[in-house]
Amino acid sequence: MKGRNMTRWRDPAKDPRQEPKSNLITLEGAERLRGILDHLSRVKRPALSAKVGEAAALGDRSENADYTYNKKELNRVIARIRYLTKRLDELQVIDRLPADTDKVFFGAFVTLEDDDGEEMHIRIVGHDETDTGKRWISVDAPLAKALLGKSLDDEVSVAAPGGEQTWLITDIEYRTPGNG
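The sequence shown begins at 309 in the numbering used here and counts up by one.
Since the hints were made in silico from the structure, they are not lab data.
This structure is a prediction, so every number in the text was calculated from the model and none was measured.
Honestly, I wouldn't trust all of these hints.
As the list claims (entries may be wrong) - No more than 25 Å apart at the CA atoms, straight line, and that leaves these computed lysine-lysine pairs for BS3-like:
(1) K359 - K379
(2) K352 - K329
(3) K379 - K394
(4) K322 - K352
(5) K394 - K329
(6) K394 - K352
(7) K453 - K379
(8) K359 - K411
(9) K453 - K329
(10) K411 - K379
(11) K322 - K453
(12) K458 - K359
(13) K411 - K458
(14) K442 - K458
(15) K411 - K394
(16) K411 - K329
(17) K394 - K380
(18) K329 - K359
Could you build all of it, start to finish, from the sequences and the hints given here?
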């Protein structure tokens with residue numbers, strides 16, 4: 309059985325994609341997802357529905373590229389709306405600072421220093437708001453799991469592709485929810 313949707317078999321017990329993801333999200337992340345959902349529902353879907361209607365009115369749909377493309381795009385938008393609606397219902401919004409801001413918890417901005425003295429600034433966020441460009445990592449990531457509950461000047465070791473890496477926590481900062 310061959311096809312474009314066939315991938316290599318993975319053992320479900322060892323597949324990292326099968327691990328349960330946390331349902332935590334920051335207030336800013338939840339607002340961003342709601343904004344995307346609102347845009348898709350109020351702007352994009354009606355516009356695509358109108359385009360599909362116009363293309364369908366032209367006649368034969370089997371050879372109408374405009375109809376085919378816009379119909380596929382409309383179905384993709386509808387699927388995304390369905391996903392975001394379901395996902396927003398599952399998420400737990402963290403909209404307050406932790407009681408102990410001297411330790412690393414969800415939403416923390418953490419500065420780490422490696423053995424060579426190079427600094428790395430990260431933020432621990434929910435799975436749905438990770439951003440490698442901003443260095444926002446998922447609370448489910450190995451580094452984040454190692455950091456949770458640690459204090460200033462604690463060392464954490466994480467298994468990395470190039471070998472075990474050790475980091476020293478040099479700064480922990482929290483920002484008031486809503487001020488990202």
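Within 25 Å, alpha carbon to alpha carbon, are K411 and K458? 5 Å, holds
Hey, K359 versus K411, does the alpha-carbon distance stay inside 25 Å? 53 Å, violated
For the pair supplied as a hint, K442 and K458, confirm whether the alpha-carbon distance does not exceed 25 Å. 22 Å, holds
Take a quick look at whether K322 and K453 sit within 25 Å of each other, Cα to Cα. 18 Å, holds
Taking 25 Å as the top limit, are the C-alpha atoms of K359 and K379 close enough? With a Cα-Cα distance of about 9 Å, the restraint between K359 and K379 holds, given a limit of 25 Å.
Holds or violated: K453 to K329, with C-alpha atoms at most 25 Å apart: 12 Å, holds
Are K394 and K380 close enough, with their CA atoms no more than 25 Å apart? The hint holds at about 21 Å.
Distance restraint between K453 and K379, which requires alpha-carbon spacing of 25 Å or less: Violated: K453 and K379 sit about 42 Å apart, past 25 Å.
Are the Cα positions of K394 and K329 separated by 25 Å at most? OK: K394 and K329 at ~15 Å, within 25 Å.
Between K411 and K394, is the straight-line Cα distance small enough, at 25 Å or below? Distance of about 32 Å is beyond 25 Å: violated.
Given hint K329 paired with K411 - CA-CA distance at most 25 Å: This hinted pair holds, its Cα atoms lying about 22 Å apart.
Satisfaction of hint between K359 and K329, Cα-Cα up to 25 Å: Violated - the C-alpha atoms of K359 and K329 are around 37 Å apart, more than 25 Å.
In terms of the numbered hints stated before, the structure departs from hints 2, 4, 7, 8, 10, 12, 15, 18, listed from lowest to highest.
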